[in-house]
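Asker: Take a look at the letters that make up each chain.
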Amino acid sequence: MENKTILELKNVRKVFGQIVALDSVSFALKRGEIHGLLGGNGAGKTTLMNILYGLYRKDEGEILLRDQAVSIEGPRDAINQGIGMVHQHFLQISNFTVLENIILGTDVKNKYTMKLEDEVVKVKELCQRFGLNVDLNDVMSTLPVGARQKVEILKALYRGVDILILDEPTTNLTPQEVDALFESLRVMVNEGLSIVFITHKLREVLSVCDRITVLREGKNITTLDRKDASEEVFVRAMVGEKMDIENSIYFATEERQVFDRTSVEAPKLKLENVNLISQDGVQRLKDLNLEVFGGEIVGIAGVAGNGQRELAEVVTGVVPVSSGKKIYMGDDVTSKTNEDLLSSGFSYIPEDRLSDGFLPKATVAQNLILGQHRIKPYSDGRFINWKTVYAETTKNIKEYNIKTNGPGDVGGNLSGGNIQRVLIARAFSMDSQVMVAHNPTRGLDIPSMDFVYQKMLARREAQMATLLISEDLDELMRISDRIAVIYRGEILGVLERSEFDKYAIGRLMSGISPENQPSKEKTLP
Amino acid sequence: MTIVKKSLPYLLAVVASFVAAGIFIALMGFDVFKAYQTILFTSFRTPNGFIQTLLKFVPLLLLALAFTIPLTAGKFNIGGEGQMMAGGIGAAAMGIMFADLPAIILLPLVILGGVVAGALWGLVPAWLLYKFNINEILTTVLFNFIALFLIDYVCTGPWRDPAAGHPTTVLIGRGGWLPMLVNNPPLHSGIILAVLVAIGVYIYTSRTTGGYELIATGANPRAAGVFGIKTRRMFVLSLVLGGAVAGLAGAFEVAGNQHRLIEGMQSNFLQLGMIIGLISRGNNGAVPFVAFLIAVLEVGASAMQRTMMIPVEVVFIVEALILLFVLLSDVVRRK
Amino acid sequence: MDTTIIDFLRLVLLSMVPFVLAGQGTMLGGRTGVFNVAQEGMMLVGASVGFLVSYYSGSIFLGVIVAMLSGALFGLALAYFTTSLKMNQFVIGLALFFIGLGVSTLLPKLILGITLTPPLIPTLKGIPIPLLSQIPFIGPILFNQNILVYVSVLVSIGLWYFLFRTQKGLELRSVGEYPMTADSLGINTTKMRYWSTIIGGMLIGMAGAYLPMVYAGTFTEGMTMGRGWLAIALTFFGGWSPLPILYGSLFFSAVEVLAFRVQVIGSFLPYQILQMFPYIATILVMIFTFKRARVPAFLGNNYDREKRSL
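Protein chains in written order, with my numbering: chain Z, 1 to 525; chain X, 1 to 335; chain E, 1 to 310.
The set of hints was computed from the structure by calculation and includes no laboratory data.
One thing to keep in mind: the hints can contain errors.
As the list claims (entries may be wrong) - Mimicking EDC-like on lysine to aspartate or glutamate, the simulated pairs with C-alpha atoms at most 20 angstroms apart in a straight line are:
#, chain 1, residue 1, chain 2, residue 2
1, Z, 361, X, 330
2, E, 168, Z, 118
3, Z, 111, E, 171
4, Z, 270, Z, 332
5, E, 191, Z, 77
6, Z, 124, Z, 138
7, Z, 502, Z, 474
What the hints assert, rightly or not - Each pair of labels, with its calculated beta carbon distance range:
#, chain 1, residue 1, chain 2, residue 2, range
8, X, 99, E, 118, 37 to 43 angstroms
9, E, 132, X, 330, 53 to 59 angstroms
10, X, 166, E, 162, 50 to 56 angstroms
11, Z, 332, E, 188, 56 to 62 angstroms
12, E, 126, Z, 107, 41 to 47 angstroms
13, Z, 412, E, 126, 55 to 61 angstroms
14, Z, 118, X, 23, 55 to 61 angstroms
15, E, 188, X, 22, 38 to 44 angstroms
C-beta: ideal position from N, C-alpha, C; glycine also.
Just chain Z, with the same shape it has in the complex (with noise of 0.2 angstroms):
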C-alpha cells in the first residue's frame, strides 16, 4: 500500500529573543503511520509541533496538509484542519465536569439551554470505540492521571482529528498503561488516524513508532524506518559528537557496583511510622517507613499523585507530620522547622521548580542563597554578604554551565532548562547530608542530565545520602541503590538494585501488593 505523505513542514524557523529554538526545520508525516518526534529536552520537538498546532506562530517556514499550504493562526484553525493535540501537561478545567471538558470549545446543539444529551451519546460511542472509558459525570480534579490523560485523548478524538499529536504521553503512566496506550494508538492507525509521538525516551519510539526523526538543538538531524537502524545510531543522533557516551551514565549498559550496607551503622535519615493528613482531610502518606543511608542513593518510584510530593515536603520539613517520626543522624527532628533543616544539612530540589523554588523578579544570586540565607558563608545571620554571594555565584554559573548574563541578572530572564541548573547547583552547592531531589532532571538535554548523574554519584562517594523521587523510571533505575515504590501514600515494596525489574516495579505501581511475588521484597519494620 502506497503510504502518502498527509502533513509537511517545511523548513520552518522560530525564534525567541536571541535563542534559535527552531533552525530550517522540516518534517514529513505519512498517512497511517506513528511517526516518533525524538530528542533530548530543548531540542525543539514541541516547539515544532506546537506551530504546527498554532500556540505559536512561526517566523518563517510552511505547512502543507494533503499537498496544500495552510496557514494556521491559532488552534481553532488547526483543530479546523483535524489536527489534535494531547499535551504534556494536560490542559483541563479541574471544577468542571468530563463532560464539559471535552465539549469546552465546540458548537453545541443547545447553546442557549445547554441540555448536553446529544453530545453525551456522541461521547459514549467514541469511548467504546477506542477503549477510553470514563465516566462523563466526574469533576475533573477527581481524577487520576491516567483517566485524564484518556479526556485529554478523548478531546482529540470528538473533534475528527485525522492528526494526533501526542506530546511525552507516557510521562506519567505505570509500564502496564504505556501499554495500553500503545494498543490503543494502534487502533488510532487502523481507524485511520495519523500519530505524531513526541518523546526524548529512545526505548518507548523504538517499540511503537514506524518511522522516527531525531531533532537536535532545533535542527533536524535524521529521519529513518525504526526498521532501518539500530539503536546505536538513534543515541548518537540525540547527542551529537561532543558527548562521551561510553563514559555516560544515561546509556550505561554493565552493571554498577552494589551499594554496600553492611559497612554502614545507621541510616541519616529514618522515617517511622509517618502519617501525613491534608488540610481538606485526606491522608496523603499512611504508616510510612523509609531508612536512606550515607552513600547511597533511593529512588522512590511511583505514579504521579500517589504521595511523592507529600513525603518530599515531609521529609524536608515544609510541612509537618500528622503523627510519626523523623530521625536525622540519631537525632529526633521531627518537630523541626524547614529553615532549621535547610540550615542543618538539608538540600532540596522541587519538583514544581517555577513555582516552589524560584524566584523569578529576584536576581541570580538572590536565588542561589534561597534557604541558605541564614548561614555561612553567605551571612552571619544578621546581614548578607553580598561580596561573597556574588563570587560563589559567579563560580556555579560556570560550574553549572547556566546561561545567564550574570549573578545580577534576573531570574525571570532565565529559560526553563537554566531555572532547572539555578535549583541543582543551590541543592549541590550545600554539600548537604541529606538531598531530596524530585523529578531533578525534568527539561533538562542528556548531557545536562548526564552531568546531573555524575554529581550524584560524587554524593555517593563522599557517604552522603540522597534521597531520589522520580517518575522516569529509566532514570531510577539507572543509578538508584534501591528503590521503594510508593502508593497511595504507602511505601508498597523495596526492591535491591539486584532485583531491579521494570515489570515488577510497575505492578506494585499500580498497587499490586507482594504477596505471591516470587521475588524477595523488603519492607522495613
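Using the hints, position chains X and E against chain Z.
Answerer: Showing chains X and E alone in chain Z's frame:
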C-alpha cells in the same frame, strides 16, 4: 547600566506627561508656559516656597514608604491614610493626656504614640490576613474610613477645643512640640528623622537577612515558604512597619505642624504616596527622590490654582500620567 | 410600626443597586481572570459624568448612558493594559483609580466652575408596576421602585443564565479558570477578556451614576464613600456568582440603611461609631466567607500564549 541610562525612562515619562497635560491645559484656554513655570519653579523662587516643599516632602516620603515596604513583600497597603490618622490620634492623645510633662519625656512619648498607633492600625488588617486570609487591599481601605470617623469623634469629643470653629482638639503640651529648624517660615525637625527612616529602610531591605526574606516573600511567596521563610510572618511584619511609618507621618503633623489634631488634615497624601511608591517601582532607594519631585509639583499646583485659577486636579492627573508612562516604559523595555 | 418596616425594606432595595451593579461588574471581569480594583474611581467618574450630562441635557436617561460609556472606557483601558500589554492588574487598577479620582473632581470644577451651591438635578422616582404594587406589604417594597432597581435585578438574573446555561458562558468561565486550555481549544481569550471588562465597566459606571440620581441630586467629592471597595468584598462574599452577589447586596445594603436609621433615631453610642458600622460589618462578613470563597482560578493573572513553559 549607568545612573543616567537607568533614569532615562523616568525622565521621558515626566516629559511625556507634561506634554500631554500641557495640551489639555492649552485646550482649556490657559497659558501653558505660565502654568508650568508656576508648577515647577514655585518651590525654588522663595525661601517660603522651598520650606513649603520640604514640609510636603515629609509626609509624602513617609506615606510612600508605608506603601513600598509592604509592596516589597507583595502586599498592597492602601491604608496609609488611616494609619497616618491613627498616628495623629495616638500622638495627640499622648500630647494632651500628659501635657504637663517636660519635653525630654513628652516629645518621644508623642512620637512613639504616633508610631505605635499607626503600627496597630496596620496590625489589624495584617492579622486578618494572617488568620483568615482576607485580602489586605480591602481591609486597609476599610480601616481608612473607620479612622476617619474616629478622628471626627476625637475632635468633637472630650478633647475638643471649644474655641475653634472647626472640629479640632486642644493644643498638646508644649513639651510635645517638635523643635523647629527654621522659625520663619516654620520647618520642624521631623524632616531629619524622616530622612533617617528612609535610609534605615533602604539598609534593611538591601543588606540584612530580614530584608532579603522580605524581598523573597514578595518575589514568590510559595517558593520562599518552601525554602524556610516564614512568609505569613513577613506579610504581617511588612504591614506593621508600613503602618508605623505612616503613623510617624501623623505624629509629625500633630507635633510639628499643627500642635493639635485637626480634622481633615490628611488631604490626598495617600494617593500621592501610592503614586510615588509605584513610580519608584518599589525601589526604596528611589522613593526619596520621587517624593521630592512630587512635593515640588504639589506646591506648584496650589500656587497655580491660587494665581491662575487652574484646578489642582490637573497636576494630580499629570502625576497619574507619569505613573502610567513609567509603567508603559517597562513594557517597552521588555520587548 | 408597620410602615416603618415597609419603609425600611423599601429603602434597602433602593440602596442595594450600587452594590449589585458594581458587584456584578467586578464579577464579570473576574470570571475571565481580570481583578478590577478601580471601581471606586470608576464609580466616581460615573457619578460625576452622569450628573453633569443629566444637568445640561435635562435627561437622566442620557446621563446614565454617558456614565456607562465612561465606565466602558475605563474597562477598555483596564483590558488593554492588562490583557494586551500584560501589566500587573493591581497596579493598573490603582492607577485607573487615581485617574478616576482626579477626573471626577476636575470635570465639575472645569465645567461648573468653583461654586458654593451645587446645582441639582431631579432624582429618579419610583415606577409602580400596575396590580403588583397593590399587594399588601410586599407590593410597595418590591414593585414600586425606580427603574434602575428593576434593571439591576434583571441584570443579575441575566448574568446568571448567561454564565451557567449557555455555551458562551461556559467558554467565558473557562477563560478565568485556565486560559491556556481555553486557548488551545480555539476560544478567543483576549476577546472574552475585553468584552467582560468593558461590559463590567459599564455596570460599574451605571452604579456610580445612581448615586447623584437617587440620593443627593448632585455630585460631591468622594460621594461613593468606599462603596467601590465594598463591591470587591461583596464579590468575594458572593463567591463570584451573580445570584449570591444579589443576595449579598441586600445584606450590605441593609447594614448601611440600618446604621443610618439608628443614627437618626439616636442612641447612646456616639454617632461616629454607627457610621463605622457598615465597614466593620463588612470585615466581619469577610472573616466568615474568605476562607471558603470560590474564586476563579486564574484571577489576577495575565495569560501569554507564547510564554515558554517549563
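Asker: Checking against the hints above, which ones are violated?
Answerer: none
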